[in-house]
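My request is simple: use the sequences and hints to build the entire structure.
Each protein sequence line maps, in turn, to chains A and B.
So for the first sequence, numbering that gives the first Met the number 0 puts the first residue at 0; every next one is plus one.
So for the second sequence, numbering that gives the first Met the number 0 puts the first residue at 0; every next one is plus one.
Treat the hints as calculated values from the structure; they're not laboratory data.
Glycine is no exception: its CB is placed at the ideal position from the N, C-alpha and C atoms.
It is possible that part of the hints are untrue.
Just so you have them, the derived chain A footprint on chain B, three or more residues with Cβ under 8 Å [stated by the list, open to error]:
1. 121-130
2. 252-258
A few chain A positions that, by computed beta-carbon distances, are all more than 10 Å from chain B [to be verified]:
3. Ser95
4. Val157
5. Leu275
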Amino acid sequence: MFLQQMINGITVGGSYALIALGYTMVYGILRIVNFAHGDVFMMGSFFGLFCMQFLGMPYYVAFPIAAIATAIMGIIMERVAYRPIRTADSLTVMISALGVSTFLGNLAMVLWGSGTHAFSNFSGITVSVYRFDNVVLSNIQIGFIVLSVLLMLALYFVVNKTKIGIAMRATSHNIKTAKLMGINTDRIISFTFGIGSALACVAGLLVGIYYDAVYPLIGYSYGLKAFAAAVLGGIGSIPGAMLGGFIMGIVETLGASYISAGYRDAFAFAILIIVLIFRPAGILGKKEIDKV
Amino acid sequence: MNRKIQQFVFEHKKMVIPIAALLLLGLPFFVTNSYFLHILIMVCIYICLALSLNLVTGYAGQLVLGHAAFYGIGAYAGALLMLKLQVNFFVALLLSAAITGLFGFLLGMPALRLRGDYLAIVTLGFGEIVRLVFVNWKGLTRGPAGLPGIPSPQIFGFTISGRTEFYYLALILALFTIFFMVKLINSGVGMAMQTVKNDEIAAEAIGIQPRKYKIMAFVISSAFAGMIGCFFASYLSYISPTAFVYNTSMTILTMAVLGGLGSIMGSILGASILVIVPEMLRFLNDYRMLIFGALMVFMMIFKPEGFWGAGKRRRNIYKINSEVPDHGSNS
Chain A
0 MFLQQMINGI TVGGSYALIA LGYTMVYGIL RIVNFAHGDV FMMGSFFGLF CMQFLGMPYY
60 VAFPIAAIAT AIMGIIMERV AYRPIRTADS LTVMISALGV STFLGNLAMV LWGSGTHAFS
120 NFSGITVSVY RFDNVVLSNI QIGFIVLSVL LMLALYFVVN KTKIGIAMRA TSHNIKTAKL
180 MGINTDRIIS FTFGIGSALA CVAGLLVGIY YDAVYPLIGY SYGLKAFAAA VLGGIGSIPG
240 AMLGGFIMGI VETLGASYIS AGYRDAFAFA ILIIVLIFRP AGILGKKEID KV
Chain B
0 MNRKIQQFVF EHKKMVIPIA ALLLLGLPFF VTNSYFLHIL IMVCIYICLA LSLNLVTGYA
60 GQLVLGHAAF YGIGAYAGAL LMLKLQVNFF VALLLSAAIT GLFGFLLGMP ALRLRGDYLA
120 IVTLGFGEIV RLVFVNWKGL TRGPAGLPGI PSPQIFGFTI SGRTEFYYLA LILALFTIFF
180 MVKLINSGVG MAMQTVKNDE IAAEAIGIQP RKYKIMAFVI SSAFAGMIGC FFASYLSYIS
240 PTAFVYNTSM TILTMAVLGG LGSIMGSILG ASILVIVPEM LRFLNDYRML IFGALMVFMM
300 IFKPEGFWGA GKRRRNIYKI NSEVPDHGSN S
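As structure tokens, this is what we get:
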């Protein structure tokens, strides 16, 4: 029972971690919270569904295309809604992000209706279940965990070992100095939004397959919880977002199965508030010092 | 354009205010359609909510993303007091403000340790937890089914029941909130709050305790939200958790920001526009919120200080108080 719930928690946590990475990377570079990220996640899921349903693609073709489409959408979003107000204060950016969020949520509603869409009718993925003692694992769950861990490792490699990763870290450290050092910071910001959106799209597809459901309002609860996960881990920190995502998934799954299912979402937020009271900058976050 | 209107209002205060008051009082004589009256009542409710959020976010600088939770606590507290304990509406109004203020005090505690985005997420989490309690504590709140049959306000044997009567009550509450906020902002306490917002360390250096004023802002802000929540419960006579979701918090915040943070007139305008415009866009059906979202983005790009922002207001005060005409001091 406990082991089973842990595995379920890790599966859900993987999707939170993937979405949280988008929040944390954007925050790390621009110091803004992209409140529309949950809706990017939702749109990614719908793009994948659209490719399979109307273009008849098999899932292994549809998913990369959906990821690319979502990345492009993320880049356009930054160009239109965030770039013109980059120097404005964080509240202005937040309202703009809420505007984007409202726009995307209702765009999905107009395009696909407010109902729930099943993935299984179109993906062609058959579910097979493996049993070990009293633990049940499905092929979808295994794929979910493996893919999310692989993507996180890939991201870690990109950020730490490649040239563009160095540029990203420099930009997040100090955007002005990075610019003076000849880094094209606008390109780095676009790249960050692209990567974050693509990761959110993958999370959207995985969630869509795992729960076999996607609907326009799905971005709201996942977006909120992933944002909470990013803050829990220490917003701006990439390993923090991964850790926060998994903690969030495990806590809410265990809480829902052992205490009360109705309060599922409350556990995630309660743990967040408790952690923040004792560690105001999150688990792996750096404390910012006020300079006088 | 905007600036000229603002200046006109400032210069002709003595004339503008009585005219506005007469218009507001006489409105039900022209507007007899109950749908329009309902919208006017909602405008009054949202003016109180936007103003109370503006106090804590615009004046004391603490970003709150869960304001609907206070609104909801007030509504549920008021409804339960009236339903289960048969308390008179006006007593319930005060009690629910007090109860909500207590919750505001609780949420203010982490605000002493956290700042910026971290505080924002804590308030957001608080809002979600409160909503989940409304949904799940079925013994008290009846969960998603909601609480029906909340009694109408009674005063000296007279029952307030029609839309017109509710409009006057809403107007009184809104005017009281406006009056209170104006007095508070211009008092020493209000000045101290704004100092804390502008620079906490400097505030501490001149002997203002940030923790005291932050907590105060939280308590007053939540008490007003709770008060209007109680009115809302009595007005609709039915409440359910769906009215107090994250979206409501965001709507209130949008009103305060689009109107102009740190400006009383801004919150009033923001609330009026954000209640009325979506109603006017109803003919667009499904595209309504789509367009609304795009408008929000454009507003932030082209007019980030809001309709009646603090930046503009400050400029106006200079112009009126000083005899020297300013030549292009538009900084």
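Results of checking the hints against the structure:
1. With 6 residues having a Cβ less than 8 Å from any Cβ of chain A, the stretch 121-130 of chain B passes the three-residue criterion, so the hint holds.
2. For the stretch 252-258 of chain B, the proposed coverage by chain A is satisfied: 4 residues have a C-beta within less than 8 Å of a C-beta in that chain, meeting the threshold of three.
3. At roughly 4 Å, the least C-beta separation between Ser95 (chain A) and chain B is not larger than 10 Å, which violates its mark as non-interface.
4. The claim that Val157 (chain A) is not at the interface with chain B holds, since no C-beta of that chain comes within 10 Å of its own (minimum 25 Å).
5. Against the 10 Å criterion, Leu275 (chain A) falls within the reach of chain B, whose nearest CB is about 6 Å from its own CB.
Checked against the numbered hints above, the structure violates hints 3 and 5; every other hint is satisfied.
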